[in-house]
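> As they're listed, the protein sequences go chains A and B. According to this note's numbering, the residues represented by the first sequence are 1 to 546, in order. According to this note's numbering, the residues represented by the second sequence are 1 to 546, in order.
Careful, some of the hints might be misleading.
Selected chain A positions facing chain B (Cβ under 7 angstroms, derived; list incomplete) [what the hints assert, rightly or not]: (1) T23; (2) P39; (3) V56; (4) V235; (5) T244; (6) I386; (7) A399; (8) V438; (9) W440; (10) G442; (11) V446; (12) E454; (13) D540.
With a cut-off of at most 20 angstroms between alpha-carbon atoms, the simulated SDA-like pairs for lysine to any residue come out as follows [claimed, not checked]: (14) B:K60 - A:D450; (15) A:K60 - B:G451; (16) A:K400 - B:A516; (17) B:K400 - B:P427.
Worth flagging that the hints you see were computed from the coordinates, not collected in a lab. All C-beta atoms in this analysis are idealised placements derived from N, C-alpha and C, irrespective of residue type, glycine included.
Protein chains: 2
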Amino acid sequence: MTSSTVAKGRVQSIANHLASKDTPDHEKYRVHRKPGQVPYHTPLDPIHFLLRSAMVYRNKTAVIHGDRSFDYETLADRALRLANLLIHGFDVHPGDRVAILCQNIPAFLEAKYAVPAAGAVMVPLNTRLAGPEIEYVVKHSGASVLLVQDDLLPRVSAGVKEAVKMIHVADYQNHGDPPCQYEQLLQNTKTVLGWNDLPLTTDENALISINYTSGSTGKPKGVMASFRGCYMMAVGMCVQAHLTPETVYLWTLPMFHCNGWNFPWALVAVGATQVMLNKLDYTYIWKLIKELGITHYCGAPTVQNEICHHKDAVRPNHTVLAFSGGAPLAPKIIRGLGDLNIYLTQVYGLTETYGPCVLTYDKGSLTQYPEDQHLRLVARQGYNIITQDEVRVLDQQTAKDVVADGMQIGEICLVGNVTMLGYYNDPEETKRCFREGVFWSGDLAVRHPDGVIEIVDRSKDVIVSGGENISSIEVENTIVAMEEVFECAIIAGPDEKWGERPFAYVIVREGRTITAEAIIAHCRKNLAGYKCPAKVTFVDSIPKTR
Amino acid sequence: MTSSTVAKGRVQSIANHLASKDTPDHEKYRVHRKPGQVPYHTPLDPIHFLLRSAMVYRNKTAVIHGDRSFDYETLADRALRLANLLIHGFDVHPGDRVAILCQNIPAFLEAKYAVPAAGAVMVPLNTRLAGPEIEYVVKHSGASVLLVQDDLLPRVSAGVKEAVKMIHVADYQNHGDPPCQYEQLLQNTKTVLGWNDLPLTTDENALISINYTSGSTGKPKGVMASFRGCYMMAVGMCVQAHLTPETVYLWTLPMFHCNGWNFPWALVAVGATQVMLNKLDYTYIWKLIKELGITHYCGAPTVQNEICHHKDAVRPNHTVLAFSGGAPLAPKIIRGLGDLNIYLTQVYGLTETYGPCVLTYDKGSLTQYPEDQHLRLVARQGYNIITQDEVRVLDQQTAKDVVADGMQIGEICLVGNVTMLGYYNDPEETKRCFREGVFWSGDLAVRHPDGVIEIVDRSKDVIVSGGENISSIEVENTIVAMEEVFECAIIAGPDEKWGERPFAYVIVREGRTITAEAIIAHCRKNLAGYKCPAKVTFVDSIPKTR
């Protein structure tokens, strides 16, 4: 769409708007068919979920944030205002990039609908990035607008400030009084363009977002997600996470991670309630689980660990479904959560696959696996989700499937509708990761005789010592199995003789003590000698840079 | 695909097969990427659900029929055998039509995968049709093969027998002993072609089935369903019916009706268990609800009514979700079922929309509506399902939306991914029902100020009896074909059990005589039993108010 056709469209839209001030409700949320569009085809586009839910679940609570909450009608209205604001207040045109540097606050959710509705492409930024990293991503994506949360402003460099127009949003949970710039702008924005007037996509394979991810190859890469991909991942999550209108979802997962695993769209599709959360305060999390009846949450192993072992942890009456991703989870945490009526599904995925495209057994399966050994398998084995086509394990040299013997290690490769379009402005990396017609994840797995794959390691977590591969996670799990240990991280330490050796960083459980010797002795008992840590360091916290 | 390329492909496949007798499990269920296929696109195709579930839910019970039952691995194996049988034993080529005249037996479910896997198009036949009607559909569709259940063989005319090759299948529930022709053929079929060798579609918009339906215009019309449509409807049903691996579905709905509302694919997608049922024996149904822990079923109001009021009805400990479609349900039945822990969702749809594309409020909402008045509204008001784009109510003259005042009546119109491709070999009817870019259902509704639609009536020329559509014109034409009859009008008469039944008003030709019995006997010979008039009244004139 050229600027002149957009401008023409706007004049027409404004005329339409003035002509019919009292748009009936069902007309408000309609996107008219395009001339020549066949009746049996609508582009797969997650924005449609909001338009439907604004009708079906109009007065149902869509969002809770602290003591603020609003319904679906309001969510749709706010998203529409933001789309209008971007177009008329920030000169956003179709194809422009809009960066977002926010924690899990309502504005982020609103942007998930408003940015693509304005025809623009979202660029969610990892809130943990440092100033220069943010500048790299903003400039690489060519974003012209940045929606930034006040607390994160110090991370925005002078270079970024020159390159973009900014919208400032506060993290307030108190009914928005006094209103921040974002709220003021929203309130003052006239919805001159209705949903139907906005440049919504007509091509389901078009770009909806660029999600930057740090691979093992240096600078972050811009993963390109499509409308079809996000739609298919969202319905996949609806089915695999058993989402219903009764779902109350807690945002422990950062919304910038793979578009929040597409939950911002999946939850709206089913008319669920989303509870915003922008700080991992576990006392507060347990309060929310109890008081709001949280039914679902997602999080990394460290989140699961903290929830499992928190002093306020009490088994709620209702079942909570939790998804854990990022790294395999220790069996004892899976069992500990089960005791708390929290059923855990272990997932595997990458930004390149819209988040979790492989998952382990469903709720209920764990009861068949009472033993540690089985829990370990359940935690690490998986299949493609229903809307992803295939997960394969290919030999890195020959690109042939590995022998399904549970032994031969290969690289996890993925294909299907929830696989990215490629890396933004990086044809070389795109070509490299898409060789032989599949996406090469960089992560390692074996395939068992029954077809299940078992993730062996994130490739960057592999320590190579004297020609032997060591899974850092295997060593971590061994050490965490000790009662005295709260958390553990294994890294590859340098070693003159062996190249690399595992170095352990250990947080001791409060009120307990343990020695380095005891930990090494425990490892020697449970692991091959070369896998045992060469060095143990006791620390108070472990940096989460993954 | 031409025959010669298919033949070539087969030779290659057989060579492949012989070369690798021990295909590893994960390879068995793979469909290889096509040359040039991008990694991020897989055609939406419900066959993929079976290939995935054969891996993920391998030894989980897929099908129960009487005292037979088998797992997902077996279901996939049987479907693969049937596909091979169709190709090698019955000379089925891509694009050929395969008709199915079966009740809800495993062979029907197997055909839902095997026929499209063989590249052919399914033509499910209504088991209640009379001989001449079956002949019309078989000939109109040009089917070359008929999968027919023994009990229904008397309905197959000499004309049909000449036109098709038949596969006979028995309705046995006793481990298949002695095996019927179908079972013998399956057992003797070599799976020379694996899933990857079969001519699976590469075009998601291709034709998967032709479902004949009686509209208001006489002869049945062949509704064309696409792979994409069936996939989208199946995931829509997964979400809207809250299907999970724990689901135990009872087949009270005929599988020939709109492809069983796409449940044959939805249930396999989530790894649920399907309980076959080919006779509506309510004592047996209650036994199954109790003994097998049925969690879901679908059915016409007459089915709901019988289940509600049966002498064995006892509130089970678990909640059952029921979908009711075909006609609005009396509030007292909705409440009665609620008392039995059966939560009812009222649905609206047509064969042209893959089954239920509009539904009422979700489980749980009924508790807000204790009064008859509210129940009545809940039973008749609805919204589009999440995978259908729009439901509109348009004025029949102007094709503009009706005023949303709950008063102005218009025709229900639908668009989106679960709308049919058109009528098979009937461009004129296709054009007529698709005017103004939407599908015109023929049914009437109003729109309320809050956007909800309320169905006012099925189009006046359609009589709905026990969930079956009856074209009054088809019955009229059948009766008028009798020499003794001068004119005939069919109207919907009230019926306590079936909701409606056809009542005939007949003017006898001058100088001739005929009895009501003779007219009914003539109808029974030419029409499905449910279409035959319940009452014949002889009159001197018929008012022309239409």
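> Take the hints in turn and mark each one as holding or not.
Going down the list of hints, with the structure as the test:
| no. | hint | in the structure |
| --- | --- | --- |
| 1 | T23 | violated (10 angstroms) |
| 2 | P39 | holds (5 angstroms) |
| 3 | V56 | holds (5 angstroms) |
| 4 | V235 | holds (5 angstroms) |
| 5 | T244 | holds (6 angstroms) |
| 6 | I386 | holds (5 angstroms) |
| 7 | A399 | violated (12 angstroms) |
| 8 | V438 | holds (6 angstroms) |
| 9 | W440 | violated (10 angstroms) |
| 10 | G442 | violated (15 angstroms) |
| 11 | V446 | violated (12 angstroms) |
| 12 | E454 | violated (12 angstroms) |
| 13 | D540 | violated (42 angstroms) |
| 14 | B:K60 - A:D450 | holds (14 angstroms) |
| 15 | A:K60 - B:G451 | holds (15 angstroms) |
| 16 | A:K400 - B:A516 | violated (74 angstroms) |
| 17 | B:K400 - B:P427 | violated (24 angstroms) |
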